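Visitor: Spelled out, the chains give:
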Amino acid sequence: MRSILFAIIIGLVGAALLHIVIILTLPQFTGKDAYSRVLGLYEMDSFFSLTNEPGPTGLSNDDPFLRVAVCSFAVTGGPTRFVAKGSVPFWSVSIYDANSNEVFSMNDKTSVNGNLDLVMATPIQLVDIRKTPPESLAQSILVEMPEEEGYAVLRALAQTDSFEEPVRNFLSEASCEPFRR
Amino acid sequence: MFRIPLLVALALSIAFGVGIVSTVSALKATVGFGAISLGPWVAFPDAQTENTDPYAKAHRARAGKLLYGGAEGLQFTAAVDTAGERLSSGCSYDVVGLTPPARFWTLYATTANDQPMRAPAELPTAFNAWTVQRQADSAFIIHVSADAQPDNWLAIRRIGAFKLVLTLLDTPTAGSSGVIDLAMPKIVKTGCPDA
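Protein sequences appear in the order of chains A and B. So that you can map any letter, position 49 of the first sequence is 49 in the numbering used here, and since no number is skipped, the others follow by simple counting. So that you can map any letter, position 188 of the second sequence is 188 in the numbering used here, and since no number is skipped, the others follow by simple counting.
If you are wondering where the hints come from, they were derived from the structure by calculation, not from laboratory data. Incorrect hints may have been included.
What the hints assert, rightly or not - Short, incomplete list of chain A residues facing chain B, as computed with Cβ under 10 angstroms:
1) A7
2) L17
3) T30
4) V127
5) I129
6) V153
On a predicted model such as this, the values are computed, not experimentally measured, just so you know. We put the CB at the ideal spot given by N, CA and C, even for glycine.
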């Protein structure tokens with residue numbers, strides 16, 4: 001009888017250990033996390049507009065009034081520049097690293113002239129840009145990217161159907177490209 | 001003779017059984033720690049950040065949702081009404097009041113698993129700060145029901161339990177802990193015709 005009790009206690013200790021191990025390692029092996037889903041769209045270096053129905057990797061416009069575009073990028077070879085222009089009632093952008101941690105986020109009220117012009121770069125690339133600032137980046141917001149890979153999420157608001165077209169144009173014309181001088 | 005292998009099997013089955021069940025149920029039950037709850041509405045302002053707890057990281061990796069950044073907005077979900085009872089699509093509810101300060105807000109319903117409701121496209125399944133009809137004091141009453149209602153009707157399907165999602169866009173609420181003092185709309189049950 002005592003040995004059965006002992007086995008149960010050992011089992012519960014093992015269960016607690018397993019619980020902790022699963023929780024801590026789950027982000028590495030789900031394969032369903034947001035970054036894997038964005039990568040699965042095979043759209044490097046350009047914004048991919050999501051649909052209202054779940055796409056091939058299960059991403060969709062969750063909010064009925066927000067249209068979303070995603071872009072996976074890497075700053076290994078050089079900085080990445082995000083540009084979007086156009087008149088929409090509201091837009092916002094978030095930059096996440098490969099572990100889906102937020103690196104930077106902003107919206108149209110915190111931007112320059114209401115346009116998106118953002119450069120993500122590694123610390124070394126940033127030093128280089130600041131030493132000899134290119135003229136084309138005079139208005140850009142420069143942000144340090146702590147990791148080499150990540151993804152961007154651009155959202156635009158279409159509160160009624162009549163805003164649908166400008167919002168679609170805003171998202172499809174948004175660019176997410178490696179920056180070259 | 002089989003005492004020792006039996007005991008080992010017992011210990012292992014408890015370890016794996018309890019370990020896996022407790023993990024899955026913990027991830028289903030909550031998005032993590034660090035929730036702010038205002039009446040029935042719950043939000044996780046730090047769930048997308050590096051500083052969040054391991055449960056939130058595991059949950060977001062499993063759900064694979066595109067979360068809202070701090071400058072984008074804050075998403076509140078409600079699975080219960082103001083009285084604390086689970087929202088059921090067999091009943092009708094009124095969402096009454098005002099939202100905290102924000103540039104814009106949207107309100108829609110999801111299933112209990114955070115999946116879209118998939119109601120027919122011709123039904124009004126979502127409201128936002130523009131499309132809602134307000135009263136003289138700019139407060140609103142939204143009738144959430146599976147049956148047609150006058151004024152603001154948020155149509156739901158009869159699917160059992162459901163959730164309401166209120167997203168505040170560009171809100172000072174997201175960055176502050178002062179959110180506790182803010183008033184969120186109430187969710188009042190008005191009746192259960194089927195029950």
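Visitor: Each of the hints needs a verdict: does it hold here or not?
Guide: Consistency of the hints with the structure:
1. A7: Interface hint status for A7(A): holds (4 angstroms vs cutoff 10 angstroms).
2. L17: With a minimum Cβ separation of about 7 angstroms from chain B (threshold 10 angstroms), the hint on L17(A) holds.
3. T30: Holds: closest Cβ of chain B sits about 5 angstroms from T30(A), inside 10 angstroms.
4. V127: Violated - the Cβ of V127(A) stays beyond 10 angstroms from chain B, reaching only about 23 angstroms at its closest.
5. I129: 23 angstroms, violated
6. V153: 5 angstroms, holds
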